[in-house]
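These protein sequence lines map, in sequence, to chains Y and D. Counting with this note's numbering, you get residues 39 to 261 for the letters of the first sequence. Counting with this note's numbering, you get residues 39 to 261 for the letters of the second sequence.
Careful: at least some of the hints might be erroneous.
For chains that are exact copies, the list does not tell them apart, and a pair is met inside one copy or across any two.
To be verified - Here are the simulated lysine-lysine pairs, DSSO-like style, with alpha carbons at most 30 Å apart:
no., residue 1, residue 2
1, Lys123, Lys89
2, Lys59, Lys79
3, Lys79, Lys51
4, Lys123, Lys59
5, Lys48, Lys123
6, Lys51, Lys209
Hints listed in this document are in silico derivations from the structure and should not be mistaken for laboratory results.
The primary structure of each chain is shown beneath.
Number of protein chains: 2
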Amino acid sequence: MHRLIDNELKGLKSELVQMAKLVQMSIDCATTALQERDLEKTRETQQIEAKINQSHILVDAECVRILALQQPLATDLRFIVSAIKINTDLERMGDQAVNISHNAERYIGGAELKPLVDLPLMFNEVRWMVSEALEAFIGQSVSMAREVLSRDDRVDALKNKIFSDVIGHLKDEPSQMEQGLSLILIARNLERIGDHSTNIAEDVIFTATGQDIRHAARSKGLI
Amino acid sequence: MHRLIDNELKGLKSELVQMAKLVQMSIDCATTALQERDLEKTRETQQIEAKINQSHILVDAECVRILALQQPLATDLRFIVSAIKINTDLERMGDQAVNISHNAERYIGGAELKPLVDLPLMFNEVRWMVSEALEAFIGQSVSMAREVLSRDDRVDALKNKIFSDVIGHLKDEPSQMEQGLSLILIARNLERIGDHSTNIAEDVIFTATGQDIRHAARSKGLI
């Protein structure tokens, strides 16, 4: 049976996928800005964020509208509640990309700290998480969502390594304080983007199974 | 007329208020840990977070249940959508308090960087924002919510001042790198707590008026 709500949910999903693609572009732009010392890319990141913000408002309004008109139940209802949360996560990921672009601007303004420690590795890990979380959402795939959750520790470990490498470097070269701090803050921004990807993965699992696996299950190592 | 949903919404609000009070306690604990170099307080922050996480799961489940059973409309529906978002903000504020406690642990482990630059001032500003956002939510007060939004710039300015003061200090005393970095990260954690307070204020305005004032209105200086 074809239901009106199916079209509504399809439209909502499509809007979120478009938004997620903008988020991926903004992260790529911000990290390219840093790696290629390209100020133009920092401005581009900020332009993409404006579009993400428009989607943010649109998706929330759509969710409220569908809840009011269709009064969905079970999986449909969970999908919309998840959409409200995923929307917030995507918007914050866009904010973090802008934060990376601001930190990259500050970094580019000074002498290069060579090499960029493990930041390129961390970019790749986080890019993978974002992309896998998006695919999990598109396919409503619990197994892909679990894959995302299992990679979070690697991102945290890379962040800790970058922190200690930069601190070690700065003790010898305190004149490079601003640049070193920029790299530390970028590692922190990337960690947050990874966290938002795990939030999305948790929401995909909640929509598909009705199970809320946050906090308790994760801290008990059940996933 | 007395409606069943009024009781449901009252219960939901009361749960969120309890959760917000735990969040306030956790922020106070974490900042006291730093100011009084009290390791016991860092552990207390982490214990409070476990309770916040329980509420986080409970509130989301309640929101889904009320949406399914009561199929609310208009202000009631907006209240529940806002509750889903406020719940996320409160949980992240609890995370940030734990981040502060970890950074405080690292700071306490080394020699004191004297004075704690403008961090005590920033604590007070952020504590005010959290408390005012909570009061705005309890009273569903648009004017109090607008007050919260108007104070965000002060927090940002304090964070920037702390960053530059600590960087200046570390250039002279690179051996205190870990401690300086801890203070910078705590300033960043506090800034995020301020941001979550503004999110809550925006949700209060949305519930009361149906207006989504995020992004466009704020960037145009309309509030």
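Each hint tested on the structure:
For the identical chains of this complex, Lys123 and Lys89 are neighbours both inside a copy (18 Å) and across copies (21 Å), given an alpha-carbon limit of 30 Å. In this assembly of identical chains, Lys59 and Lys79 lie within 30 Å of each other by CA distance solely inside one copy; the values are 17 Å within and 42 Å between copies. Taking the shortest alpha-carbon separations for Lys79 and Lys51, only the intra-copy value of 28 Å comes in at or below 30 Å, while the best inter-copy value is 44 Å. For the homomeric pair Lys123 and Lys59, the shortest alpha-carbon distances inside one copy (17 Å) and between copies (23 Å) are both at most 30 Å.
Within a single copy, Lys48 and Lys123 get their C-alpha atoms as close as 17 Å, and across copies as close as 23 Å, so both meet the 30 Å cut-off. Taking the shortest alpha-carbon separations for Lys51 and Lys209, neither the intra-copy value of 49 Å nor the inter-copy value of 50 Å comes in at or below 30 Å.
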